[in-house]
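Visitor: Based on these hints, arrange chain L on the given structure of chain B.
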Amino acid sequence: METDFTPFTSFGGGLAIGLGAVLLMLGLGRILGATGIMSGLIFAENRVEFGWRAAMVVGMMLAPSLLFAVTGSMPEVNVPVSPTMIAIGGVIVGLGASLGSGCTSGHGVCGLSRLSVRSLVAVPTFMATAAITVFGIRHVFGG
Amino acid sequence: MKLLYALFTGLVFGVGIAISGMMDPAKVLNFFDVAGSWDPSLAFVMGGALVLTFFGYRLA
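Sequences listed follow chains B and L, in order.
Going by our numbering, the first sequence opens with residue 1, and the numbers climb by one from there.
Going by our numbering, the second sequence opens with residue 144, and the numbers climb by one from there.
The following block holds chain B by itself, in its conformation from the complex (with noise of 0.2 angstroms):
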């Protein structure tokens, strides 16, 4: 399906992307990498980790449900593929983003900012197999 071309919202969203993950740095000494947040609050060491680690998925939970009261309007969300696709999927990017140690926003804006040489590998890497998948899913096998 067709989505429309959004260069102004979505560059200002951007910059609350990285301006959440430089303050996530700044007050935490953090790196803001979402997967990895996520699979921390799982496998916690211990309550201190677990505890921030929660807190910020509880605001990034929150944030939709802000802009609703603000704007008043919910965010677009399409999903054109299968409840079971995404399962898959989900499985599938779960099991690169820690093997690659990263994800699209610790690799693509934490490390990329920070010049990291591994991110500058990871993210190339993973940008290209997402559009390779896209293509051959969408016109090879016409799904």
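None of these hints come from the bench; they were simulated from the model.
Note that the Cβ used here is the ideal one computed from N, Cα and C, for glycine as well.
You may find that some hints are simply not true.
Said to hold, decoys possible - One side only, chain B facing chain L, incomplete, derived with CB under 10 angstroms:
#1 A16
#2 P64
#3 P83
Guide: Frame of chain B, contents of chain L only:
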């Protein structure tokens, strides 16, 4: 206090994800569908986030 701060950073990050359109899986997928219904918005999200973190991390 630390928990409140963490909640606030999560809120800022989440608002960013929501405003940027990246809560919408269709939009994320379309970034990768160059041969089909291509939507380059994700590049602008990365651009905005990188501009802020590139300078912000150097100050932090």
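Visitor: Going back to the hint list, which numbers does this structure go against?
Guide: 3
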